[in-house]
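K.L.:
Letter by letter, the chains look like this.
2 protein chains.
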Amino acid sequence: MRGLSVGVDVGGTFAKLGLVTPKGDVVRSAQIPTDPRSSPADFVRRVAAALKGWEFDTMGLGLAGGVDAETGTLLFAPNLRRWVGFSFKREFERRLKVRAVADNDANVAVWGGYVAALHKKPRHVVGVTLGTGVGGGLILDGRLHRGATGGAGELGHMIVRAGGERCRCGKRGCLEAYAGTYGLQRIARRAMRNPPSPLTPKALADAARAGVPGARKVWDEAGGWLGVGLANAVLMFNPDAVLLLGGVARAGRLILDPVRRVFATQPFREPFASLTVAAPAERDWGCVGAALLSRERR
Amino acid sequence: MRGLSVGVDVGGTFAKLGLVTPKGDVVRSAQIPTDPRSSPADFVRRVAAALKGWEFDTMGLGLAGGVDAETGTLLFAPNLRRWVGFSFKREFERRLKVRAVADNDANVAVWGGYVAALHKKPRHVVGVTLGTGVGGGLILDGRLHRGATGGAGELGHMIVRAGGERCRCGKRGCLEAYAGTYGLQRIARRAMRNPPSPLTPKALADAARAGVPGARKVWDEAGGWLGVGLANAVLMFNPDAVLLLGGVARAGRLILDPVRRVFATQPFREPFASLTVAAPAERDWGCVGAALLSRERR
Numbered sequence: 013m014r015g016l017s018v019g020v021d022v023g024g025t026f027a028k029l030g031l032v033t034p035k036g037d038v039v040r041s042a043q044i045p046t047d048p049r050s051s052p053a054d055f056v057r058r059v060a061a062a063l064k065g066w067e068f069d070t071m072g073l074g075l076a077g078g079v080d081a082e083t084g085t086l087l088f089a090p091n092l093r094r095w096v097g098f099s100f101k102r103e104f105e106r107r108l109k110v111r112a113v114a115d116n117d118a119n120v121a122v123w124g125g126y127v128a129a130l131h132k133k134p135r136h137v138v139g140v141t142l143g144t145g146v147g148g149g150l151i152l153d154g155r156l157h158r159g160a161t162g163g164a165g166e167l168g169h170m171i172v173r174a175g176g177e178r179c180r181c182g183k184r185g186c187l188e189a190y191a192g193t194y195g196l197q198r199i200a201r202r203a204m205r206n207p208p209s210p211l212t213p214k215a216l217a218d219a220a221r222a223g224v225p226g227a228r229k230v231w232d233e234a235g236g237w238l239g240v241g242l243a244n245a246v247l248m249f250n251p252d253a254v255l256l257l258g259g260v261a262r263a264g265r266l267i268l269d270p271v272r273r274v275f276a277t278q279p280f281r282e283p284f285a286s287l288t289v290a291a292p293a294e295r296d297w298g299c300v301g302a303a304l305l306s307r308e309r310r
Numbered sequence: 013m014r015g016l017s018v019g020v021d022v023g024g025t026f027a028k029l030g031l032v033t034p035k036g037d038v039v040r041s042a043q044i045p046t047d048p049r050s051s052p053a054d055f056v057r058r059v060a061a062a063l064k065g066w067e068f069d070t071m072g073l074g075l076a077g078g079v080d081a082e083t084g085t086l087l088f089a090p091n092l093r094r095w096v097g098f099s100f101k102r103e104f105e106r107r108l109k110v111r112a113v114a115d116n117d118a119n120v121a122v123w124g125g126y127v128a129a130l131h132k133k134p135r136h137v138v139g140v141t142l143g144t145g146v147g148g149g150l151i152l153d154g155r156l157h158r159g160a161t162g163g164a165g166e167l168g169h170m171i172v173r174a175g176g177e178r179c180r181c182g183k184r185g186c187l188e189a190y191a192g193t194y195g196l197q198r199i200a201r202r203a204m205r206n207p208p209s210p211l212t213p214k215a216l217a218d219a220a221r222a223g224v225p226g227a228r229k230v231w232d233e234a235g236g237w238l239g240v241g242l243a244n245a246v247l248m249f250n251p252d253a254v255l256l257l258g259g260v261a262r263a264g265r266l267i268l269d270p271v272r273r274v275f276a277t278q279p280f281r282e283p284f285a286s287l288t289v290a291a292p293a294e295r296d297w298g299c300v301g302a303a304l305l306s307r308e309r310r
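Residue numbers (my numbering), protein chains in the order written: chain A, 13 to 310; chain B, 13 to 310.
Treat the hints with care, since some could be wrong.
Any copy will do: because identical chains look the same in the list, a pair fits if it lies in one copy or spans two.
Computed cross-link-like contacts, SDA-like style, restricted to lysine to any residue with a CA-CA straight-line distance of at most 25 Å [what the hints assert, rightly or not]: (1) Lys132 <-> Arg155; (2) Lys133 <-> Leu87; (3) Lys132 <-> Arg93; (4) Lys109 <-> Ala203; (5) Lys132 <-> Asp153; (6) Lys28 <-> Ala293; (7) Lys133 <-> Thr83; (8) Lys109 <-> Pro279; (9) Lys133 <-> Arg155; (10) Lys35 <-> Gly175; (11) Lys133 <-> Gly175; (12) Lys214 <-> Ala290; (13) Lys109 <-> Ala174; (14) Lys132 <-> Ala81.
It should be emphasised that the hints constitute simulated quantities derived from the structure, not laboratory data.
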């Protein structure tokens, strides 16, 4: 069908495929194993096979790593090392005869939220993806800011609590160590006598809403540190909006209220006074954003 | 003389005036009391009187607060409250018949360093002004990023040590509480048995170079926290260069080495691998940058 785009969100284990309308609705989806030990050309072949019968004009790819958005080449990626240096854009364009783009996975997710949830209205946006890990993306002057090496928006490894919890990256006190899924789990195991099992963000949100002792405190702590990190970002970029995406953001007010409390106590009022804080209903923002980005003029 | 511009750096107590060449050299300077209780129109009159006999084509003003760069209007300013809402740009243009601009003081200082020291070569720059307070500015795609309310680049109030030292702004653990002059003084009073008197950044730098016990530790601590804050900024913005300006930056390697040590231990290598860290020789960057900014095309 005309006007549709494919978005591919490439995680370390699975790649999600979505057929996306210009408004950002997913009308068809699929999933294949990423298999990062296979060659990147093999991955492209497998994606192309999974897309057989799908009709679309353009496609976009979100990759967990640094990407040169001009050439669609993966520059660095801890979980996709074998694929570094490969131009996914060129290979998909050659094989599928459609325009293709590739970019960092958090960047495309933030782009998806910017277009489909914020309708491109704010000029400057700080976006954060709260999943297993914490990523982010910046919209400056209505465009994705990729930075000098394609790595901009790495909010998850901002230190919010010097000397604090150990992060998967090796540093202590990163935002991810508090506001990512595993950070949340760690807080829950300490703060709750009987944490829900399996210990998912959704189960923790349900527990807090049901008044399970300690559950709300878990969200207050995670949201408080998220607020510190976002306040740092707001002071730096002075955005019109902050956009929260990902599984942890689905907790809604449980995570937003403590963020807003931190914002409300900032001595520098102006950057916070007219700031929009948005946590749109969850979608596969990676797929949606990758698809929508492929429709943009360069 | 043709090709010269005036820059005015408006502090809470004094306003510095400089006649600046297109390369950023100050060929003449003056100083007048700011007197923030006087009317802004009176301030403009006093500046105009001080500029009598100076020949210049354009002029720029750096103000300690949020400024609407389009209209040159002061939006908020804790130390210049009576002047909020006044368009300095318009009033100077009316009175002096030259093109005028007004912007945040840290923004113009960073612009000065960007043009005169970095020769506009990097595309994205994080600049930090290390004076009594700590301010900053962002260069995005070769232009100043001012943000939604003219307040972008407020690096000094990023929290680098949650629960840490009290900052003048009321929060705890802001970068300014460690890397501004008064933060440095506080560290020195604790770490040194006999801190130099008067306790200036220069005296502390001299003491460290002379091997005075404890002095180098003061710089290591201040520089270490500065490194944490700048690393956070680099992870978010992924700039080509970091620019350190202001009196504290004059300590050179004493403050740069601990910053570089923090950068060297970052698990995410790419944003730091090709990053330029520059601390150019001190000038009146506020005057220089305000003057140079007034020469830019809109």
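K.L.:
Starting from the hint list further up, note which numbers the structure goes against and sort them upward.
P.N.:
Checked against the structure, the hints that fail are numbers 3, 4, 8, 10, 11 and 13, while the rest are satisfied.
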